[in-house]
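Asks: Okay, here's what each chain looks like letter by letter:
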Amino acid sequence: GESVGLHLPTLSVQEGDNSIINCAYSNSASDYFIWYKQESGKGPQFIIDIRSNMDKRQGQRVTVLLNKTVKHLSLQIAATQPGDSAVYFCAEGFSGGYNKLIFGAGTRLAVHP
Amino acid sequence: GAVVSQHPSWVICKSGTSVKIECRSLDFQATTMFWYRQFPKQSLMLMATSNEGSKATYEQGVEKDKFLINHASLTLSTLTVTSAHPEDSSFYICSVHGGPHRTDTQYFGPGTRLTVL
Chain A
6 GESVGLHLPT LSVQEGDNSI INCAYSNSAS DYFIWYKQES GKGPQFIIDI
56 RSNMDKRQGQ RVTVLLNKTV KHLSLQIAAT QPGDSAVYFC AEGFSGGYNK
106 LIFGAGTRLA VHP
Chain B
1299 GAVVSQHPSW VICKSGTSVK IECRSLDFQA TTMFWYRQFP KQSLMLMATS
1349 NEGSKATYEQ GVEKDKFLIN HASLTLSTLT VTSAHPEDSS FYICSVHGGP
1399 HRTDTQYFGP GTRLTVL
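The listed protein sequences derive, respectively, from chains A and B. Numbering follows the numbering used here, in which position 46 of the first sequence is assigned residue number 51; successive positions increment by one, without gaps. Numbering follows the numbering used here, in which position 54 of the second sequence is assigned residue number 1352; successive positions increment by one, without gaps.
Possibly wrong hints are sitting among the right ones.
Stated by the list, open to error - Covered stretches of chain B, as calculated for chain A (at least 3 residues, CB under 8 Å): (1) 1325-1339; (2) 1344-1358; (3) 1367-1376.
The hints are simulated quantities; they were obtained by calculation from the structure and are not laboratory data. We put the beta carbon where it would ideally sit given N, CA and C, even for glycine.
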């Protein structure tokens, strides 16, 4: 049988709805955070990032929110489109940590027409 | 962001052979590149940090003699999987730290699918 942990959590949304993908990070010393989108068989694609001295940052159709108190990060996608279907990863980094990133487990976003 | 390529995009080899994967930064001179491995339905796991002109830094549990990394120029890093076995079958992805317009993030290559028979 399949092992626990090999199933990515999935968020299913209707086309045109807003999507919110959540992420809990682990290191309170992390000072920057990045969201990546990964389509099947491809490398991760940079979406948006945020520094720890901010709590919100907006891009084109995307917004990232950072709550350092509870070590929580979210990605909001407005007017979700079928092309947004992918796996989304959050990553945390520490400027003093040789620029290494620690990736979260990922969330699969499924957009239905 | 930085444009990163990998070659080959996929490779199938026999158990016991060695496979070399190239990672190129096409529009940016990268002093630091990273190599990741990703198993199906799992997240990216950092294997090593590749530093131009010096030895790579490996993460705990990654065998440096099995996964040879060479970063001989500012635009090329190579990962060689030596004496590959079926358990080495995975998706290998490299990234570049920084880019022509940003200095504080990582941009990824398209990945290389390795299948060891």
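Asks: Please go over all the hints and tell whether each is borne out by the structure.
Replies: So, going through the hints one by one against the coordinates:
1. With 4 residues bearing a CB less than 8 Å from a CB of chain A, the stretch 1325-1339 of chain B meets the requirement of three and the coverage assertion stands.
2. Taking a C-beta to C-beta cut-off of 8 Å, the stretch 1344-1358 of chain B contributes 3 residues in contact with chain A, enough for the three needed, and the coverage statement holds.
3. Beta-carbon proximity to chain A at under 8 Å applies to 0 residues in the stretch 1367-1376 of chain B; the threshold of 3 is not reached and the given coverage is violated.
Hint 3 from the list above is the single one not met by this structure.
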